[in-house]
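Trainee: Chains as they are written, first to last, in the working numbering: chain A, 21 to 133; chain B, 189 to 1025.
Keep in mind that the hints were calculated from the coordinates and are not lab data.
Beta carbons: idealized from backbone N, C-alpha and C, even for Gly.
A portion of the hints provided could be inaccurate.
What the hints assert, rightly or not - Partner residues aside, some chain A positions facing chain B, computed with beta carbon under 8 Å:
#1 Tyr74
#2 Lys83
#3 Val99
#4 Arg100
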Amino acid sequence: MPMETSPKPGMPPGTLTMLILRVLQSEALHGYAIAQRIHLLSRDILAVEEGLLYPTLQKMLLKGWVTAKWGISENNRKVRFYELTKKGREELKDALSDYHRFAQAIRDVLRTA
Amino acid sequence: MAELFRRLRYLLNRRRFDRDLENEMQFHREMSTGMGHAEFGNLLRLREQARDAWGWTWIDRLGQDLRYGVRMMARSPGFTLMAVMVLAIGIGVNVAAFSVFDMVALRPLPVPDAQRLVRLERRSPNDYGSEISYPSFEFYRDNARTLSAVMAVLGIPPMQIDDDIQGTSASFVTPNYFTQLGTQAAFGRMFDPRVDGAAGSPPVMVIGYGLWQRRFGGDPGVVGRAMYLNRKPVTVVGVAPYSLATLGGQYPDVWLPMGEQPYFFDGSGVLADFDTASVRMWGKLAPGITPQVAAQELRSLTGELRHRRPTAVWDKEFIQVSPGGHLQILQPAMFQLAEIVGVLTFLILAVACGNLGALLLARAVQREREIDIRRAVGASGARVFRQLCTESLLLATLGAVAGLVLGCAVTRIALSELDAPKWLSAVPDIRILLFTLGMSFASAVLFGFTPALQIARHGRHKMTVRQILVTAQLAGSCVLLIVAGLLVRAAHHALYTNPGFGYERLVSIDGQLKQHGYPASRAGEYLERMQSRLRTVPGVRSVSLVLLPPLGHAVSYSDAVIQGANVRVYPNWVSPGFFAAMQIPVLLGRTFTPNEEHVVVVSRSFARAQWPGQNPLGKRVGDGNVKDEVIGVVADAHVNALNDDDALEEYWRAAPDQMNGMALVARTGGTVENLATAVKSISESLDPQLFPEIRSIQSLYAANVSQIESVAGAVSLIGLVALSLAGVGIVGLVSFTVRQRTKEIAVRLALGATSNNILKVILRQFSWPAVIGLAVGTGIAAASSNILRRALYGISNLDLIAYLGAIGFLIAILAVSVVLPARRALRVNVSKALRYQ
């Protein structure tokens, strides 16, 4: 069975990782909260599918960008919290600067062409 | 690196991590349903997707596939057993053949530094000598710096222990032989290079383990015992170990130090004679020296030797250095033979795999429903393909294990039958295991790949694939059958062909006069006296001189071209009574008269080849100034080429200067044993120093025949395997294909086709595969069997009977496998067959 984990059409590849890294920058969150946070912050435009969220988180764990710790959720359930590592912060910085560079380049083209 | 460790942690703790994922997702689901969000997807599927990130999914799938494969195999044990058996035969034959090759050429001798042992032989662009003169050996030994040791072996005719009638095989070796091989005596000691063979030290000998058991009943007290060897006193100092490893795989019963040669052979100058090539030379490379470097040094030493002794060195001679730390030194001809055997055995595997592939394809039809279901629930073509390949690998693994067991069992039997050196064991080494692994993988690809691809693609071209399979199988089977047929024919031909001379009640007597320092004139007198004394022995019918006695140790021939054909001519030098003594009929003309010169007697085949349709008498042969006149033609008698039916013979009269090389043949009306006893007593009175080798030609002939018989037996067995594999495979494949068309046949019948029409249609489907397969197979066999020519005992490699037999057999099988199921199909109840599917 082919099991691609490519993002939804419309979301450029690698964006989800960047978004997750970004929302984790200020505090550790569990999976559901990550999805909610992205959803809210994008004013309901970006919906993160579970089928994409968890494989991406697993990949990030493997890369060592985040660590997972079991904790208690707001409604008193045992749940896994993801926290950014030092390596994750560096990765976020790189991803953001790459993203800004590309976005700027695209804006330049759109403005002048 | 850290990532790899993390991955491994995931692999090892898969269960725990999977549970974590499940809990986490469960939480997510509850949260989102609680908030009235969209539905969460299939949990299992999502978990699988998340797990994919760890990169270990393939292990899970392999596990699944294997479990499934095992279940499938268990469900049809008959098929599994059949498949494993077919594979076991195919792989087993290859394993056995490779084991033999491994033992002979690859497995190092169990001695220290085996990889440093080298065989040293004389070579030049035109000449090859396996032996070298002893003084030359000494020169290389004393001067070569790239060799840490040089050993020599001098082979001699059997010697007489005490008053034995039967001779005992013996060899002289340089005393460093066993120290270099690190041999530890079973009892007593081996040779001591400082003492044994040196001037003034007492004569000693080491006996082989086999002789010790046979003759001395394994009595350790034999060490230190004084015995007589060729009537000379000698002391046994040791018994060679049971699993003795020797250079070149030689196992004489008695080992003697080289320095004792003149003691046992009075008057022999072999050890001082630069012009008599007598010893085999071996060396041990100095540490860190490559064979190339050693060869380089030996080349310059050869130049130096030429400077000192021009006659001792050939034009452009050099010493060839080849690896010597194995059972045998492989000559190019043996490599060629190994290649042939390798190709043939692989062909057996290929045919076996072809059969299995056909079986798998046939089963695929039964499994169509199952595979359709798997697809329906979401399996992709690639996934089905992988599953089928896993099943094939599983089968191949089982087959390989069975094949390994079978192959090793065969090797073990062969080892004990062939009286092989005891250090060899049939336990597979790493090379054999790797080979088996490779074979099982190759066979999995051969039998599993095409059907799997076909099924996974949901085969639209099943028909074509099956036709290709039939073609390939026919071609492979055809080659196998033809070659097997040729070998069987050749073996039987060799068995039942009259050798052309009377071998019963015939003995050869070789006094080794030259080795005992007899000059030609004295040898002539000795032989004359011996002959006249022999003639007075009761029962003796005839006696004659001959240079190369029948089935002797030495054979001489020359390859020539007569009337455009390559022939092998065997010359011999005899006294006038030879043809009568050997019972070779004189067909035309006469034999020699005493003191006649420049005349020659030829065999019938020689005369036919040289002067077809003409009277050979009075013709002249030879290429020197003085040509020899043909005075007689005798019947073909392959005295020195028992197995070569094409051999031609030329006989010259023995000249006085050849006398010290001559042997005798004697025919008796009584028993060979009585004659042998008489010869011994005559020899004793003529010269007590001589111990003539007396050989019964009848038993030599019987030994030769039994050797051919065992070859023929082995070949017949392989032929039988080839035959049954070919038969089973073709019948299975073709009849299955025909059965598959039952519905079509029913439709045709319903529409009014006659049985003949239908049979024709079905036959036509296989006519092209049959024609192409047989043509290709015959072509390959004809082209490659050329190499077998010499092994075929005079059968042509294009022998019509073998070819027609193989082709006829295959066509018959094909016909039976088409017609029988077709007839059954024709007899079906049309409406039933149509309703059934």
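Trainee: Work down the list of hints and note, for each, if the structure agrees.
Mentor: Now for the hints, and whether the structure bears them out:
no.: 1; hint: Tyr74; in the structure: 4 Å, holds
no.: 2; hint: Lys83; in the structure: 6 Å, holds
no.: 3; hint: Val99; in the structure: 5 Å, holds
no.: 4; hint: Arg100; in the structure: 5 Å, holds
Hint compliance for this structure: every hint is met.
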